[in-house]
Every structure is written in C-alpha cells, then in structure tokens.
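Colleague: Listed below are the residues making up each chain.
Protein chains: 2
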Amino acid sequence: MHAPGDVRVVERDSPTIIESTDAIIRLSATCICGSDLWPYRGVEAVDDTPMGHEYVGIVEEIGDAVKTLKVGDFVVGSFVISDNTCEICRAGYQSHCVHGTFVSQIGTQSERARIPYADGTLVATPERPDPELIPSLLTASDVLGTGWFAAVAAEARPGNTVAVVGDGAVGLMGVLAAKQLGAERIIAMSRHPDRQALAREFGATDIVEERGDDGAARIKELTDGLGAHSVIEAVGTQESLMQAIRATRPGGHVGYVGVFHEDVTVPGPELFFSGVHLHGGPAPVRRFLPELIDLIWRREIDPGKVFDLVLPLEEVAEGYRAMDERRATKVLLTI
Amino acid sequence: MHAPGDVRVVERDSPTIIESTDAIIRLSATCICGSDLWPYRGVEAVDDTPMGHEYVGIVEEIGDAVKTLKVGDFVVGSFVISDNTCEICRAGYQSHCVHGTFVSQIGTQSERARIPYADGTLVATPERPDPELIPSLLTASDVLGTGWFAAVAAEARPGNTVAVVGDGAVGLMGVLAAKQLGAERIIAMSRHPDRQALAREFGATDIVEERGDDGAARIKELTDGLGAHSVIEAVGTQESLMQAIRATRPGGHVGYVGVFHEDVTVPGPELFFSGVHLHGGPAPVRRFLPELIDLIWRREIDPGKVFDLVLPLEEVAEGYRAMDERRATKVLLTI
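From first to last, the protein sequence lines are chains W and C.
Counting in our numbering, the first sequence runs from 95 upward without gaps.
Counting in our numbering, the second sequence runs from 95 upward without gaps.
Bound-form chain W, shown alone (with noise of 0.2 Å):
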C-alpha cells in the first residue's frame, strides 16, 4: 500500500530462507481482511508498506530444522507467527507466542512468503487440495479461525443461545462455528439482506436488525428478559462492544475478536455489574487449524462461500475498493 487508498501491485525480491526454520511458500491464493481496510481508510499509518496476512500455498524451501513439512507439501498458515512450542503456545495461545510476530509485517498479498518458525505456524493438509476446496482453506488462515475463536472464547455449546454481532465475514464465520459448536439458537444481527441469507445459510436461526442498545433490548426480548448465553463481538466499536455486554445474561460469555480501536472501553461499574466473561483478541488461529482443516477436507462446512469477489492478485486495487465501498464482503485474490 503507497498511501492510504492506494494500493499498488509492485515487484520485490524473491524472499529466501534466513533462519533455519524458515519455510518459503508459492502462495496459491491471499485475500484481503477487514482490518486491512484501516490503513486504506488512512486510520493507521501506511507508507510503502506490504499487506496482507492470510494465505495457503505449496512449499518451495524448507530450513534444516524443518520437521513437520516438505517441499511440496500444500499448507494453510496463522496470521501469526507462532514457534508452537512454547509455555504460551501450548496452552493455546499461538497468537500471542513468546516469539511470535504478525504475518501482516511480511505481507501475503504475494507470490511468494518467507514464514519464519514454519513448523509452528503452517498445517500441510492430507494432500494437494481439490481447486474448489482452496477458498474455504483459505479461511481457516484468518476469518475462519477468528469466528471460532470467538465462538469459543463465547463459549458457545449445544443448548446455548449465541448472538453474533457484526454480519461481516468474521461475523459470518462465528455464526459457522456456533453452529458447529451446537448452539441451540444462533440470532445473527445484520440489516443486510445477503449476509442475512448467508447467516441463516451458516446457521442463524433469528435476525436481529436492530443496532446498540435497541438490538441489545432485542436480545433480551427474545431470551426471556435474561439476554444471550454467549455473544460474539466481531465489529470492534465502542456501539459493538456495549452492544455485546448488553445482550449477554449475568454469567454469560462475550468473545470478541473486532479490533479495539484507540478510543474503545470498557466502563468498569458497567461490566462489573453485569456480572458477563470477557474473552477475545487476535484469535490463536493454529490452536484450530488442524480441527478446521479437517472439517473443510470432509466437507462438514463451507466456508469459502463467505468470498463474494473473486479477482487475480494483479488486480487488488479494485479489490480494496470493493471492500472499502461494502461491494464485497470479502475478496479472494488468486495467484
């Protein structure tokens, strides 16, 4: 990205292995992610600086200390670099590992990728993909990963009411996840009519259109007055947040995964007082990925349909715009 609202495609140097556990990757497909959109909007600093944070691909080049992966081998990696050894890692929390860095730093809206700690960060799938399977594997890397992350930091479970604040493609793939996790009823809040569709597609079983407090009231009304079991909160705005604590039950889980902004808080008396669980941030995606790769390899779930713009990666540009513009919900740059 030159500058915000300029994206451009340029060439740089083919990365090469540095660190014995490094491992290049021919992408076969990126994609762009909300939160790319915050420097594009000019809301973070961007000066000449590489995009991009999701991918799959094949392996080119592997470091000597390499075990796990082969030249050839099709992978699916984090956003986040994770080393999946570490004390933190092995509790769960790859994203936030003791040598972790965010693959946003080297861009993966490229050919090609050096991941460092690849061992930790990459999951090979059984064999080659069939074609039709790469955009749903593609998912796992971020938005798949986040929406589970946040179902499960909601603590969504069979017999649980789940609300999902945010109809975006995260939103969108928390309602998956609820579904998969067996919630009872998924209320997927949303003014828009095809992500609606797509929601109930996921599993919703309610829509809600109503935002801030009044969707937050809905919630309540439909849950006997006590608010949801678990909410997801994928948006990451002071009116999402309150949204979220307001919709969850005394004792019910809010799992948010929309990146606070510098203005967003949590007022203290309000959240102590509503007795709800707090859990989120930058999803510990490698915890799932095997799980996830699995579920998509059996074609238990689908989600690669969350891409509604399909383009070569020679044309990102359009591809911002369209997300900038709300054309899209997601675009998938094939490479």
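Derived from the structure by calculation, the hints contain no laboratory data.
Note that the structure is a prediction, hence the values are computed from the model and not measured.
Positions of the beta carbon are idealized from the N, C-alpha and C atoms, including for glycine.
Please note that the accuracy of each hint is not assured.
Distance condition first, Cα-Cα at most 25 Å in a straight line; then the derived SDA-like pairs of lysine to any residue [as the list claims (entries may be wrong)]: (1) W:Lys-314 / C:Asn-178; (2) C:Lys-314 / C:Pro-252; (3) W:Lys-314 / C:Lys-164; (4) C:Lys-314 / W:Ala-185; (5) C:Lys-273 / C:Ser-198; (6) C:Lys-314 / W:Lys-314; (7) W:Lys-314 / C:Pro-252; (8) C:Lys-273 / W:Thr-179; (9) C:Lys-314 / W:Asp-177; (10) C:Lys-164 / C:Asn-178; (11) C:Lys-314 / W:Gly-186.
Covered stretches of chain C, as calculated for chain W (at least 3 residues, CB under 8 Å) [unchecked claim]: (12) 121-134; (13) 164-171; (14) 225-234; (15) 355-361.
With chain W's structure known, arrange chain C on it following the hints.
Modeller: Below, chain C alone, put in the same frame as chain W:
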C-alpha cells in the same frame, strides 16, 4: 449512617414477615465491610441509611412458604438476596438473580433482619455452631465467599501461579481460596507486615511489595517473563485493575471483585492484545455457601482469623473509625 463519618446506633421497629418466603433472623454477629467505607468517606450518598450486609444468626420466624429452614436454625446468608430457582441462579449467578436485591438495602448491622427469599438466600449449619466457629461462618456471608469467587473466576487450580492484588480482607480470603483450590504458587501483593504474615498463614508462597506497573513487572520476573496464570483483583481502582491485567499472562484469567467506581475503565486496545480473560463482579456467594460452611465446620479452613477487632454492636462507630484509619483490617460486631 446518619451522614458521612457519622455512624449512630438507633432504635428501629422490629422487622416482621411480609412475604410468605421471608424469614426473620436474630443476628449472632455482623461486621463492617470495606465497601461500607465508601459512604463513610462521602464517596457514596448516605442519609440515615441502615448499614451492613454480612450476617449470621438464628431463625426466629418463617413465612408459610419457607421449606428448607425452621425456627431455631443457625443460618449463614449471602449479601445478595436470591430465589435460587431462576435460570440465572441455577447457572450459579445468584448475585444476579432476577429477584435479587442487595442486603445492604436491608442493613444487617442490627439485632434482627427480615430476609426475603429465605430458602434461596440462607443456608443452615448442621447444628448450632461452637462460638469459636462464628467468626469464620460470618466471613462466608461476604468476604470469604467473595474471595472464593475471585479465585474461581481467576481459575486458580492445581499447578497454577496465582497473584493477588489487594491485601484487605477479600484479598486475604482470595489467598486462602487459591490455596484450597490447589494453586501451586500464590503471590500476595502487600506492603503491610501484619497482612503479609496473615497472607502467608493463609497459603501465600511469595510476597511482592511493589505496586502498579512495578508490581506487574515483578510478577512477570517471578514467572519466566510470562505473567501469572490467575490474578485476583480485590481493590477496584484503576491502578489495581491495570496491575492485575498487566500481571496476567496471555490466555490467563483476571478475577475481579473490588467494586469499580465511576472513573475506572478498561482500555480496549490493551485488553484486546493482552489476551486475558476478565470475569468478576458481585460474588454469587450463595453458590459457594454449602461448600464453605462444610469446610469451616470440618475446621479445614479458619477464615475468621481475618477479624482483628471485635466490638459490641453499640460500639459500631469505633469500628468504622478503626477501619477507616486502617487500624483494623476487618471488624466483627457482636450482638
């Protein structure tokens, strides 16, 4: 409390049964809570307000609908009224019961009290207790139950390192609870030698005297740079809350029970990237009462040691002064 700083003993009408689910109890002992100091110090409004919400005593009269108690029973009650039958209570959040009210609105720094929803709020001891057990049973009404909830909310358990922010009565009870729940290492944060000694007696393995960010940094030093698995926040100020969040490892748990006053906020971006779990609020003491009474009855725990001043109810004003001036950690009032 007539006005801030002015506590008086006055005659009031004896309470009578109003609802069939009520019980009238004659108190055996009550106490002064750290939270009673807020109005005492003028931070909360007060105007001839009955005070007190911790209590043990003998059932004198019951309404027709009361099933689990009989006249003459010795009972311990939670500081929040609960029906213990609604969906929220059944999920273990009796402090948010749909029929919940705070006992502070009744005021148990008194000889008698009317307790609504007696079956759902009070738990009888197996028989009349030895007088030496009364202080410990009284702690179960709030400070022990609250410290216990904080330890549960912070997921204190075998193998874990638990840090406790706050060396007041609740923090000390948090230490005791963490020990009972099997924590391997318990770090009490205190700079008062007498409270440090009591913390060690209750199970603390380490003492940290630093506060704020220095305190959090010290906890990280003691935990391989990662932070504690579980942190109990038993103060309720902005500084103590940030100390707790910053002392917790990613994926770890903060259990907060210090009442957050108006100006306390959780900064969204820091919370997001911390990866911690937050849970707390008014403790559902009723959930834990049967277990806590049993532990006390079998003399497995002796939380009554937290009382370091005993006065007759008539001298309640001196009790407030002693706590306000930090001459006492916790004052028991005999009746």
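Colleague: Work down the list of hints and note, for each, if the structure agrees.
Modeller: Each hint, compared with the structure:
no.	hint	result
1	W:Lys-314 / C:Asn-178	holds (21 Å)
2	C:Lys-314 / C:Pro-252	holds (20 Å)
3	W:Lys-314 / C:Lys-164	violated (38 Å)
4	C:Lys-314 / W:Ala-185	holds (17 Å)
5	C:Lys-273 / C:Ser-198	violated (30 Å)
6	C:Lys-314 / W:Lys-314	violated (41 Å)
7	W:Lys-314 / C:Pro-252	violated (38 Å)
8	C:Lys-273 / W:Thr-179	violated (29 Å)
9	C:Lys-314 / W:Asp-177	holds (21 Å)
10	C:Lys-164 / C:Asn-178	holds (18 Å)
11	C:Lys-314 / W:Gly-186	holds (19 Å)
12	121-134	violated (count 0)
13	164-171	violated (count 0)
14	225-234	violated (count 0)
15	355-361	holds (count 7)
When the structure is compared with the earlier hints, violations turn up for hints 3, 5, 6, 7, 8, 12, 13 and 14 and for no others.
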